[in-house]
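**Student:** Just so you know, the sequences run in chain order E, D and V.
The working numbering puts the first sequence at residues 1 to 332.
The working numbering puts the second sequence at residues 1 to 332.
The working numbering puts the third sequence at residues 1 to 332.
By construction, these hints were calculated from the structure, which means they are not laboratory data.
Remember, predicted model here, so these are calculated numbers, not experimental data.
Fair warning: there could be bad hints in the mix.
Intra- or inter-copy, both count: the list cannot distinguish identical chains.
[Stated by the list, open to error] In silico SDA-like cross-links for lysine to any residue, where the CA-CA straight-line distance does not exceed 25 Å:
1. K136 <-> L161
2. K136 <-> S309
3. K279 <-> R162
4. K136 <-> Q30
5. K136 <-> G62
6. K136 <-> D305
7. K136 <-> P31
8. K136 <-> L25
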Amino acid sequence: MNRFLDLADFPREQVKDLLGLASRLQQHPQPQALAGKVLGLLFLNPSLRTLASFQSAVMRLGGTAVVITPGQGTWQMETRVGAVMNGAAAEHVREAVPVLASYCDAIGIRMFAEGRDLNADLAETGFNMMANLCDKPLVNMESAASHPCQALADWHTLDELRVPERGKFVLSWANHPRALPLAVPASTVHMAAMRGMEVVVLRPDGFALPEQVMNKARQAAQASGGTIHETSDRRAALNGAHVLYAKEWGSPLHYGDAEAETRLRAPLADWCVNDSWFKTTREDCHFMHCLPVRRNVAVADEVLDGSRSVVIREAFNRMVVQMAVLYRLLRG
Amino acid sequence: MNRFLDLADFPREQVKDLLGLASRLQQHPQPQALAGKVLGLLFLNPSLRTLASFQSAVMRLGGTAVVITPGQGTWQMETRVGAVMNGAAAEHVREAVPVLASYCDAIGIRMFAEGRDLNADLAETGFNMMANLCDKPLVNMESAASHPCQALADWHTLDELRVPERGKFVLSWANHPRALPLAVPASTVHMAAMRGMEVVVLRPDGFALPEQVMNKARQAAQASGGTIHETSDRRAALNGAHVLYAKEWGSPLHYGDAEAETRLRAPLADWCVNDSWFKTTREDCHFMHCLPVRRNVAVADEVLDGSRSVVIREAFNRMVVQMAVLYRLLRG
Amino acid sequence: MNRFLDLADFPREQVKDLLGLASRLQQHPQPQALAGKVLGLLFLNPSLRTLASFQSAVMRLGGTAVVITPGQGTWQMETRVGAVMNGAAAEHVREAVPVLASYCDAIGIRMFAEGRDLNADLAETGFNMMANLCDKPLVNMESAASHPCQALADWHTLDELRVPERGKFVLSWANHPRALPLAVPASTVHMAAMRGMEVVVLRPDGFALPEQVMNKARQAAQASGGTIHETSDRRAALNGAHVLYAKEWGSPLHYGDAEAETRLRAPLADWCVNDSWFKTTREDCHFMHCLPVRRNVAVADEVLDGSRSVVIREAFNRMVVQMAVLYRLLRG
Numbered sequence: 001m002n003r004f005l006d007l008a009d010f011p012r013e014q015v016k017d018l019l020g021l022a023s024r025l026q027q028h029p030q031p032q033a034l035a036g037k038v039l040g041l042l043f044l045n046p047s048l049r050t051l052a053s054f055q056s057a058v059m060r061l062g063g064t065a066v067v068i069t070p071g072q073g074t075w076q077m078e079t080r081v082g083a084v085m086n087g088a089a090a091e092h093v094r095e096a097v098p099v100l101a102s103y104c105d106a107i108g109i110r111m112f113a114e115g116r117d118l119n120a121d122l123a124e125t126g127f128n129m130m131a132n133l134c135d136k137p138l139v140n141m142e143s144a145a146s147h148p149c150q151a152l153a154d155w156h157t158l159d160e161l162r163v164p165e166r167g168k169f170v171l172s173w174a175n176h177p178r179a180l181p182l183a184v185p186a187s188t189v190h191m192a193a194m195r196g197m198e199v200v201v202l203r204p205d206g207f208a209l210p211e212q213v214m215n216k217a218r219q220a221a222q223a224s225g226g227t228i229h230e231t232s233d234r235r236a237a238l239n240g241a242h243v244l245y246a247k248e249w250g251s252p253l254h255y256g257d258a259e260a261e262t263r264l265r266a267p268l269a270d271w272c273v274n275d276s277w278f279k280t281t282r283e284d285c286h287f288m289h290c291l292p293v294r295r296n297v298a299v300a301d302e303v304l305d306g307s308r309s310v311v312i313r314e315a316f317n318r319m320v321v322q323m324a325v326l327y328r329l330l331r332g
Numbered sequence: 001m002n003r004f005l006d007l008a009d010f011p012r013e014q015v016k017d018l019l020g021l022a023s024r025l026q027q028h029p030q031p032q033a034l035a036g037k038v039l040g041l042l043f044l045n046p047s048l049r050t051l052a053s054f055q056s057a058v059m060r061l062g063g064t065a066v067v068i069t070p071g072q073g074t075w076q077m078e079t080r081v082g083a084v085m086n087g088a089a090a091e092h093v094r095e096a097v098p099v100l101a102s103y104c105d106a107i108g109i110r111m112f113a114e115g116r117d118l119n120a121d122l123a124e125t126g127f128n129m130m131a132n133l134c135d136k137p138l139v140n141m142e143s144a145a146s147h148p149c150q151a152l153a154d155w156h157t158l159d160e161l162r163v164p165e166r167g168k169f170v171l172s173w174a175n176h177p178r179a180l181p182l183a184v185p186a187s188t189v190h191m192a193a194m195r196g197m198e199v200v201v202l203r204p205d206g207f208a209l210p211e212q213v214m215n216k217a218r219q220a221a222q223a224s225g226g227t228i229h230e231t232s233d234r235r236a237a238l239n240g241a242h243v244l245y246a247k248e249w250g251s252p253l254h255y256g257d258a259e260a261e262t263r264l265r266a267p268l269a270d271w272c273v274n275d276s277w278f279k280t281t282r283e284d285c286h287f288m289h290c291l292p293v294r295r296n297v298a299v300a301d302e303v304l305d306g307s308r309s310v311v312i313r314e315a316f317n318r319m320v321v322q323m324a325v326l327y328r329l330l331r332g
Numbered sequence: 001m002n003r004f005l006d007l008a009d010f011p012r013e014q015v016k017d018l019l020g021l022a023s024r025l026q027q028h029p030q031p032q033a034l035a036g037k038v039l040g041l042l043f044l045n046p047s048l049r050t051l052a053s054f055q056s057a058v059m060r061l062g063g064t065a066v067v068i069t070p071g072q073g074t075w076q077m078e079t080r081v082g083a084v085m086n087g088a089a090a091e092h093v094r095e096a097v098p099v100l101a102s103y104c105d106a107i108g109i110r111m112f113a114e115g116r117d118l119n120a121d122l123a124e125t126g127f128n129m130m131a132n133l134c135d136k137p138l139v140n141m142e143s144a145a146s147h148p149c150q151a152l153a154d155w156h157t158l159d160e161l162r163v164p165e166r167g168k169f170v171l172s173w174a175n176h177p178r179a180l181p182l183a184v185p186a187s188t189v190h191m192a193a194m195r196g197m198e199v200v201v202l203r204p205d206g207f208a209l210p211e212q213v214m215n216k217a218r219q220a221a222q223a224s225g226g227t228i229h230e231t232s233d234r235r236a237a238l239n240g241a242h243v244l245y246a247k248e249w250g251s252p253l254h255y256g257d258a259e260a261e262t263r264l265r266a267p268l269a270d271w272c273v274n275d276s277w278f279k280t281t282r283e284d285c286h287f288m289h290c291l292p293v294r295r296n297v298a299v300a301d302e303v304l305d306g307s308r309s310v311v312i313r314e315a316f317n318r319m320v321v322q323m324a325v326l327y328r329l330l331r332g
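Chain E with its partners taken away, still in its complex shape (with noise of 0.2 Å):
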């Protein structure tokens, strides 16, 4: 494995590989597996979890990181092709990228969605970009559209919460101040189709996740055996649910237009999930989310704070995921 960029990139015992891997990193620790390595973190946008679980992560194993965030300590930086140079950024990620891979033995790189161009996104011409530049092991930190790391410890999770794998899994759009980018929810309903459950994508008119996004998924839920299905009905999605997975997004219909994209949340904020929401679930639903959430925005204290949450789980397990991830990228 030398990137590890969506989880579509691998098959699904491959996958599952990688879950038995970081199982038994945590079960039997090698903290010199990567010792004398050097991990590359670049940062185009903020970052917790990220930012300090791949740091745990390689230092658990032995080996160390180094952090570049552009702004913070470092040159600005261009990453548009062509671009004439006269403005605010001094650095291009032509140079940057590469430099920093000489420096390292595997490099991570975050670089969110642009939010002009929908099909862009999607196609990840930013990142793939990025990608390009980069002669090292890479892994996807967040990129356009996709989160891999957050979907595998999601994975992980639903795993050790002993999630049926044909269990019903409901993603649902939650309210939030303004537009956010698409990677999480497709990787989420990627993931859970992949996995091999019955996955409902629950959101109001106006914020069907884009086509690509869906077929993917379906193509995922295709060879799994599990099930696919989008409304905005949130009693039907959510009646049995084993799962209650909230995440915020921008509508595509209005991708890139913040003005529209007002418009059309001003009646939604009781997409803020509370305890209501849970009345028709199954008595033992799980309710996840990846973080940072708006408290009282999003999600309600009631949940956040109330014992179906598994969020700082999911977090936790950011970590002990990308040991493994880190592990087949440096050692094979």
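Since chain E is already given, all that's left is putting chains D and V on it; use the hints.
**Tutor:** Just chains D and V, lined up with the frame of chain E:
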């Protein structure tokens, strides 16, 4: 020892035992004592000594550190319980703290006083909320009313300088462009009292330390055989002093009222410690300050650059005593 | 070797010995050579290569690093001697530097030119003040007039490329939105002269390097058997060149005068290096630049993306030679 939050939480003998461990680790380094351990450092406020000395301390014991600074590469954080998070903060500390703790073997948190409600700050409502979110060994890297690592380093410095346990210790208010928190003066006066010293708090009218702070110090003095007095008479205070410890703090009378504070400070520019302050001290009187210090506002160049100053030694001792604290927290 | 501040501080043989050590460490890694050592890195200015390569270098030798960036999680710092600190800066470097040094086994400092007084900058008044505060092994990570790690890396790159020691080395001025410091051009011209090359400084009228810079390079050329000339005739300069090294710098004639600088630059947009510059060079002429570079302002995409460019190799060699520098500073 599972938490290091305030010297008052420990009997005097345990503090002296920590200082003894610090000396032993200095003389006989244990570069593998914390091998494989990860220390998480969460800074809600700026830092130099704490930032560098905690990293250096854990690394000199064979461990590693992850630094998280909200707003600097990491999401801005909400700290208010029950907040409706529709503003700038994308993440609540109720998630951030347990998540970071889950990646680490011990955590340090810096969270200064909010500076609005004196009683809330003295009650450590903010830091206690953070501490309650953390299920790992925890160090206070400066809270609203306590800076125990500074106090421990200063005690170690006094011992190194062979300042008598019954010596005269003057904590003097010093000028500053604006109100600063009470954590260091509160911890310093308590530390000197706990050490058994003849403690004098010298400050202009309007800057008397809060009764809670003085009472805590008085209790420590009583137990150790020390004494504690407060005065605005500079000459009397400094007479025969073994140590002059300067510190800036805001008026407890006008807590959170920047205008009143400015008026009160206007005539106090001569509370900038210079050589003349040492005319009636002991000849070998030491000058101490926790740093950072505003030169020629709080303390004159001639003092900081003179032979009395031990401020660099105090700062160095931060690393020395923190190695002992981390050792006890992580190895028992 | 206790300080690495400028190549001119060392005889040519000692520089070549450092380069030899760099090669040996590359071929025969010593992953434990600096085990237990802590390197402090103080950045008063932004960085990518220096920030990442020093961390990677010390970690590949088994050591660790602490990074301090004033204003980014750390207090803003005052550098003026005698300042009355009632402004934004909360800490003076007179405390910050010795404190950081006390936690570390060696220190690197980056402090660019102030850009107001040419003679003060050429005399390194700022960096020398910092160096005098530091009692530990010290590396110059770029000062007002010197960037010795870049110069050493470039020398190593020239050796790797088997560019003849008597080859023709053209340092050319390049366009930039504003005046940049003289550290890299000064170090580059001196390095090439010290290596024994036929050095030509190509620059528009008004951008002649200061006499002090040229004299220092001339002395190095005299000792090594090299030569050094300055011209504004691009065709003559580039004719038969083995290396074209581009660099942006401000006019010494209008030092600190942004308006005059802008006027002087207005007609110089064609000082953007493109493929046409290589018509009369040697066919295998290499293109060098220290990075960061503003694409299509200083250097055209076609050059940076073409086969002549060795800019990524130069950057990689920063890590390679710094391993040798750190080894000498910390192991002798």
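**Student:** Against this structure, judge whether each hint is valid.
**Tutor:** So, going through the hints one by one against the coordinates:
When the C-alpha separation of K136 and L161 is checked against a cutoff of 25 Å, the pair qualifies only between copies, where the shortest distance is 23 Å, while the shortest distance within a copy is 35 Å. Proximity of K136 and S309 under a CA criterion of 25 Å is satisfied inter-copy only: 20 Å between copies versus 37 Å inside one chain copy. Taking the shortest Cα distances, K279 and R162 sit within 25 Å of each other inside one copy (21 Å), while across copies they are farther apart (69 Å). In this homomeric assembly, K136 and Q30 come within 25 Å of each other (Cα to Cα) both inside a single copy, at 23 Å, and across copies, at 22 Å.
Taking CA atoms no more than 25 Å apart as the test, K136 paired with G62 passes in both settings, with 19 Å inside one copy and 22 Å between copies. Taking the shortest Cα distances, K136 and D305 sit within 25 Å of each other only across copies (19 Å), while inside one copy they are farther apart (41 Å). Proximity of K136 and P31 under a CA criterion of 25 Å is satisfied in both settings, with 23 Å inside one chain copy and 20 Å between copies. When the C-alpha separation of K136 and L25 is checked against a cutoff of 25 Å, the pair qualifies both within a copy, at 23 Å, and between copies, at 21 Å.
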